[in-house]
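One point on numbering: in the working numbering, the residue at position 185 of the sequence shown is 678, and numbering is uninterrupted.
Any given hint might turn out to be false.
Calculated pairs, PhoX-like style, for lysine-lysine (alpha carbon to alpha carbon, straight line, at most 25 Å) [said to hold, decoys possible]:
(1) 587 <-> 705
(2) 522 <-> 534
(3) 534 <-> 524
(4) 688 <-> 579
(5) 579 <-> 639
(6) 579 <-> 666
(7) 631 <-> 524
(8) 606 <-> 566
(9) 631 <-> 566
(10) 606 <-> 567
(11) 529 <-> 688
(12) 518 <-> 688
(13) 666 <-> 566
(14) 524 <-> 579
(15) 567 <-> 631
(16) 688 <-> 532
(17) 524 <-> 688
(18) 579 <-> 529
It is worth saying that the hints were derived from the structure and are not from the lab.
The structure displayed is predicted, hence computed values, not measured ones.
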Amino acid sequence: MSLDNLCDRYERDGFVIIPDLFDGKECDKLKIEAQKVLKVKSPPDASVYVHASVTSPLYQQYHRDPRLVDILKKIMPNGVMFLSDKIVVKTPEKTFATPWHIDYFYWRDTRPKVSIWIPLDDVNADNGALTVVRGSHKKDWTMINKALPNGEFVYQIANDDVNNDDVVTCAVKRGSAVFFPDRLVHGSTPNSACKDRYTVISTYHAPADDEKFDLDFPAREVLVPTN
494 MSLDNLCDRY ERDGFVIIPD LFDGKECDKL KIEAQKVLKV KSPPDASVYV
544 HASVTSPLYQ QYHRDPRLVD ILKKIMPNGV MFLSDKIVVK TPEKTFATPW
594 HIDYFYWRDT RPKVSIWIPL DDVNADNGAL TVVRGSHKKD WTMINKALPN
644 GEFVYQIAND DVNNDDVVTC AVKRGSAVFF PDRLVHGSTP NSACKDRYTV
694 ISTYHAPADD EKFDLDFPAR EVLVPTN
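All chains, full assembly: derive it from the sequences and hints.
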């Protein structure tokens, strides 16, 4: 994929998929580490754990990986600063779909951000694949307060507001990467496959003086300075 094509697709669609960015052995190591982190740091009913890089040196190395940063430089011309990362898991007991939402709902009044969603297991419509709404980053969306039963994802977008013709299910091999901005509507399919599905999501923004929001993320660091 050429530089121009990647940037054009990202601007047009609001996301870009890079296949096979990490290999199977790397995914295995990250998944084993994720399981260790969740066992020690996360409540039993939680599906999301933030601050993987604070807890794990392996995840700290991962968010700095040149394969990620090189692509980020193409879609983030004003420099790259790591903010935070999180482990997201769906298990045979955690089968629910992630509701439609945009990340900006959770970090209002901050500068724009880019997230990278990388599955550590092969994903498809049966085991909790990421779903995105093509072109939704260019629209305004109404937020509703409606948390999941476990208290997560309190800020959602109503299903009726989403045009199903624009929905893309990101069925990809483990180690592939989906890059998307904080204004893109996204969610996931349910996990009906009765298998674990682990992913890691790392978030970046342009370097700048710390905003109040940033202070909650101690692993933040500049990776590519502003020109």
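Among the hints numbered above, which are violated by the structure, and what are their numbers in rising order? 1 and 7
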